[in-house]
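Given the sequences, and given the hints that come with them, work out the whole structure.
Protein sequence lines, in the order shown, are assigned to chains A and B. When you read off a place in the first sequence, starting at 1, and then add 7, the result is the number in the working numbering. When you read off a place in the second sequence, starting at 1, and then add 1093, the result is the number in the working numbering.
Worth flagging that the hints you see were computed from the coordinates, not collected in a lab. In this text the structure is predicted, and so the values were computed from the model without any measurement. Beta carbons are placed, not taken as given, at the ideal position from N, Cα and C, and that holds for glycine.
The calculated label-pair distances, taken between Cβ atoms and stated as ranges, are:
| hint | chain 1 | residue 1 | chain 2 | residue 2 | range |
| --- | --- | --- | --- | --- | --- |
| 1 | B | 1105 | A | 166 | 31 to 39 Å |
| 2 | B | 1154 | A | 277 | 45 to 53 Å |
| 3 | A | 146 | B | 1145 | 45 to 53 Å |
| 4 | B | 1177 | A | 172 | 45 to 53 Å |
| 5 | A | 425 | B | 1120 | 20 to 28 Å |
| 6 | A | 174 | B | 1154 | 26 to 34 Å |
| 7 | A | 236 | B | 1110 | 43 to 51 Å |
| 8 | A | 26 | B | 1131 | 57 to 65 Å |
| 9 | B | 1154 | A | 146 | 49 to 57 Å |
| 10 | B | 1110 | A | 344 | 22 to 30 Å |
| 11 | A | 172 | B | 1131 | 46 to 54 Å |
| 12 | A | 28 | B | 1134 | 50 to 58 Å |
Partner residues aside, some chain B positions facing chain A, computed with beta carbon under 7 Å:
| hint | residue |
| --- | --- |
| 13 | 1094 |
| 14 | 1107 |
| 15 | 1111 |
| 16 | 1131 |
| 17 | 1134 |
| 18 | 1136 |
| 19 | 1141 |
| 20 | 1164 |
| 21 | 1165 |
Residues from chain A that keep clear of chain B, each with C-beta distances beyond 12 Å, as calculated:
| hint | residue |
| --- | --- |
| 22 | 92 |
| 23 | 144 |
| 24 | 206 |
| 25 | 220 |
| 26 | 336 |
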Amino acid sequence: MQRYSIFSVVRHALSGHKNWQPVWRKPEPKPEYDVIIIGGGGHGLATAYYLAKEHGIRNVAVLEKGWLGSGNIGRNTTIVRSNYMLPKNNRFYEWSLKLWEGLSQDLNYNVMFSQRGVLNLAHSPAQMDAFARRGNSLRIEGADADLLDRDEVARFVPGLDVSASTRFPIHGGLLQRRAGTARHDAVAWGFARGADALGVDIIENCEVTGFQKDGDRVIGVETTRGPIRAKKIGVAVAGSTSEVMRRAGVERLPIESHVLQAFVSEPLKPFIDSVVTFGAGHLYISQSDKGGLVFGGSLDGYNSYAQRGNLPLVEEVMSEVATMFPAIRRIKLLRSWGGIMDMSMDGSPIITTGPLPGMYLNAGWCYGGFKATPGSGWCFAWTIAKDEPHPLNAAFTLDRFYQGAVIDEAGHGPFPRLH
Amino acid sequence: MIIHCPACGPRSHHEFTYGGDATIIRPAPDETDIAKWQAFVYDRANPRGDHKELWHHAFGCRHWLKVTRNVSTHDISAVELLGPHAKNAHAGEAGK
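Laid out in structure tokens, this is it:
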């Protein structure tokens, strides 16, 4: 692997940038691997990387239906945070955030992780109380949280309408300073490069069409590029989880697929230097290094595999942006798109052995999967390598739904569209 | 997305609220097999393609509808009125 540094940039500049190597190989699939990971998105690539790096399992293939990073890893709003109230969630996401803090050095690839702070706005005294409770829960677990009053919010986000006459006056907010954003494509490319350098085969344009089984045990996959056998098979396919698992004979899961839209405005001069979320509806907004405002809101609210949404949600999101930041209400929208979310029944993820022998499942990320990328890969790699979950993901089982052990951060109950 | 309500005609889906998968069946109240209740509450087929689902015309006639929609294209191929007035309703027009 070519190491990247200031010296390599200078050296290649002097030789006319003609000697850069491809970032990963394009290998033909081998007939058999120790581990196959289905899904070449962030979680799948991170899993392969940590399998090779942490557990020495290098005879690994990542099978990707389309091109690398064509799914949700390139469709999200790039927010990274760990401000979950429930300890089972917080411990996992806090470990993920710690991995983010060293990720660029670890991968020798700049993922542009920027700890610019994520501020959740509160619009009522009751919401301030709830935020104080969540902040305390975070601090008990060792994560950071600061409760800001209205004046501190106004100083932290200068463009925000904090007047008393706005529709939902701002009382304060909960700030996680170590949270922030990262360059989402770079995360996919960095993990791919790191995994490839450790010997992992990344096989693009390779859709899994079926599974080879010996009784109940899964022993290989049928793909559009031929059959491949493996001792262990991990599935990390986000919104396509139900469809892929059906090909293995698992007909029903506690998962629904829903569309989540995201938006980018025309580029502006620096205007928002943090991540701000609206507390009287659902909106999260930040500004990319190119200047575009990147924002999103709720799910459209009905089952969808369409990767595009409908207009009522667009209108709702735009009205929330205009309410929060009146100064930018006349800027133009540049792009919008949709991604398919694997919404679990309690809003929390699944990283587990099974549900079939020889198989491992990583799913149910709802719309919080991006921030979890390193932590998810790290825990899934552990689970695959050792055939048992790490304590950090021990609660993220499939059977928690049937044991009364759901992890319902929002308290919405078994309604995926509400999480 | 336009849903052809058998009572009100073609309306934006914004007038409706979503009721989820219409194929799951609630066990009888005296059912004591916990696995059946668990499957009812949590397990979904979640197909790509045609999906039978419930929509409530909350900002219209307030009828519950059973809609067959392709979840990849949003094409609606059937709409059926549910409830006590269903037998008096015309078959819903396809919403293509």
